[in-house]
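Chemist: Spelled out, the chains give:
Number of protein chains: 4
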Amino acid sequence: MSSLSFDEAQKLVDNWISKFEEGYFPPLVQLARLIEELGELSRAISHQTGVKIPKQNENTHSVEEEFGDLLFLMTCFANAQNISMNDAFTQALNKIESRDTSRWTLKKDFNHV
Amino acid sequence: MSSLSFDEAQKLVDNWISKFEEGYFPPLVQLARLIEELGELSRAISHQTGVKIPKQNENTHSVEEEFGDLLFLMTCFANAQNISMNDAFTQALNKIESRDTSRWTLKKDFNHV
Amino acid sequence: MSSLSFDEAQKLVDNWISKFEEGYFPPLVQLARLIEELGELSRAISHQTGVKIPKQNENTHSVEEEFGDLLFLMTCFANAQNISMNDAFTQALNKIESRDTSRWTLKKDFNHV
Amino acid sequence: MSSLSFDEAQKLVDNWISKFEEGYFPPLVQLARLIEELGELSRAISHQTGVKIPKQNENTHSVEEEFGDLLFLMTCFANAQNISMNDAFTQALNKIESRDTSRWTLKKDFNHV
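Protein chains in written order, with numbering that gives the first Met the number 0: chain A, 0 to 112; chain B, 0 to 112; chain C, 0 to 112; chain D, 0 to 112.
Next up, chain A with everything else stripped away, as it sits in the complex (with noise of 0.2 Å):
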């Protein structure tokens, strides 16, 4: 099956969301959701990279769900916020790279073109 789309994506948390009468979380209430879930990341990833041994009886998350998690919740914010991921994605890969080309060291095949 093919990849959604940000649209899709978008379009998916809306239809969960619209089910419930609290409907999306004020802004501050979503910036503290997103501070405690890259918290959860965070700690994935230490426990990954192995600088922080978990606790007894800890339980413990993959990166990998702790990144889907995040995800999810940006997703909600861009929805509550009527921000295009598509357009803010694509703007910032566009900043980025007119901005930071000469940040870094270019491979040499680069170079050439």
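None of these hints come from the bench; they were simulated from the model. Hints are supplied without guarantee of correctness; some may be wrong.
No distinction is drawn between identical chains; accordingly, a pair holds when it is met within one copy or between any pair of copies.
As a list, the in silico BS3-like pairs of lysine-lysine whose alpha-carbon atoms are at most 25 Å apart [what the hints assert, rightly or not]:
| # | residue 1 | residue 2 |
| --- | --- | --- |
| 1 | K94 | K107 |
| 2 | K106 | K10 |
| 3 | K18 | K54 |
| 4 | K54 | K106 |
| 5 | K94 | K106 |
| 6 | K94 | K51 |
| 7 | K18 | K51 |
| 8 | K107 | K10 |
| 9 | K107 | K54 |
Since we're looking at a predicted model, the values are computed, not measured.
With chain A fixed as given, assemble chains B, C and D onto it according to the hints.
Modeler: Chains B, C and D in isolation, oriented as in the chain A frame:
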């Protein structure tokens, strides 16, 4: 034009990063970048919601721009970790749909289904 | 008993860490731990303010406990970086007092001073 | 001059905030500020460790300065929540001393005690 798919976004980022000798950063460096960008998103949200007044001469960026930067970094992270954004998102959505239905108040329309 | 000073807190943490072969973690590992703890503080705040309902069987911790964990990690970080918490705090306070007086609304009592 | 105590630091911050009509921000606004400052600390760490090259014309701040800003915000947060930094720190230290002794490798000197 139709929206990018998760796979296409990951491929575009990989094309960009592959131009440079430095390649992808190690996981903890990427994590440091993620919190930096979440901090910038936080500032933009605070300005937008009016809870924080920008300092004089402070560069302000829109919530959408900071969101795009964060989404771009998330895509870099996924690539470096060989995570399929599509799979991670789909699994997160499935988990939430199976776990959280009873956490919130279903709208009447849905109770009747 | 009187309150610990910043210096005493830093010394207590150093006494603890010095017992172990591992010593202080590298900066990026400490940063990962700070993110993780700020995430836990965020969760405790969300529970306290009622914007998030704990999951069934979820361990809940108080805002005070999570705050203490974060403050402990901050003290570790300061030690590892040879930062005096007292100096850093004092400089921050001085900066804010000289910069931000006109950002907020002085109470009438203070306008007359 | 001797180092400030936690209590003195909290009192100094309260004296400052008490000058203004706005007073302490609500918890989620303070959390947003903490995320923002942790992001700035992260940027300073990345610059210091050389894993990130500052952008041209980018204002750079030292790790110590960003640490101080974060500690100041933590003190604001504690005040607004009626948390004693001294108590929270002491409880965190006690918890860690009783829980984590076996997580790390005691130095030989300490094994013999």
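Chemist: Next, verify each hint and record whether it holds.
Modeler: Here is what the structure says about each hint:
Within a single copy, K94 and K107 get their C-alpha atoms as close as 23 Å, which meets the 25 Å cut-off; across copies the closest is 45 Å, which misses it. For the homomeric pair K106 and K10, the shortest alpha-carbon distance between copies (18 Å) is at most 25 Å, but the shortest distance inside one copy (39 Å) is not. For the identical chains of this complex, K18 and K54 are inter-copy neighbours only, at 19 Å across copies versus 38 Å inside a copy, given an alpha-carbon limit of 25 Å. For the homomeric pair K54 and K106, the shortest alpha-carbon distance between copies (21 Å) is at most 25 Å, but the shortest distance inside one copy (43 Å) is not.
For the homomeric pair K94 and K106, the shortest alpha-carbon distance inside one copy (20 Å) is at most 25 Å, but the shortest distance between copies (42 Å) is not. Within a single copy, K94 and K51 get their C-alpha atoms only as close as 36 Å, which misses the 25 Å cut-off; across copies the closest is 18 Å, which meets it. In the homo-oligomer, the alpha carbons of K18 and K51 lie at most 25 Å apart only across protomers (18 Å), although the nearest pairing inside one protomer, at 39 Å, exceeds that limit. With identical chains, the CA atoms of K107 and K10 are at most 25 Å apart between copies only, with a shortest distance of 21 Å across copies and 42 Å within one.
Proximity of K107 to K54 under the C-alpha cut-off of 25 Å is restricted to the inter-copy arrangement: shortest distance 23 Å between copies versus 47 Å within a copy.
Of the numbered hints given earlier, the model fails none.
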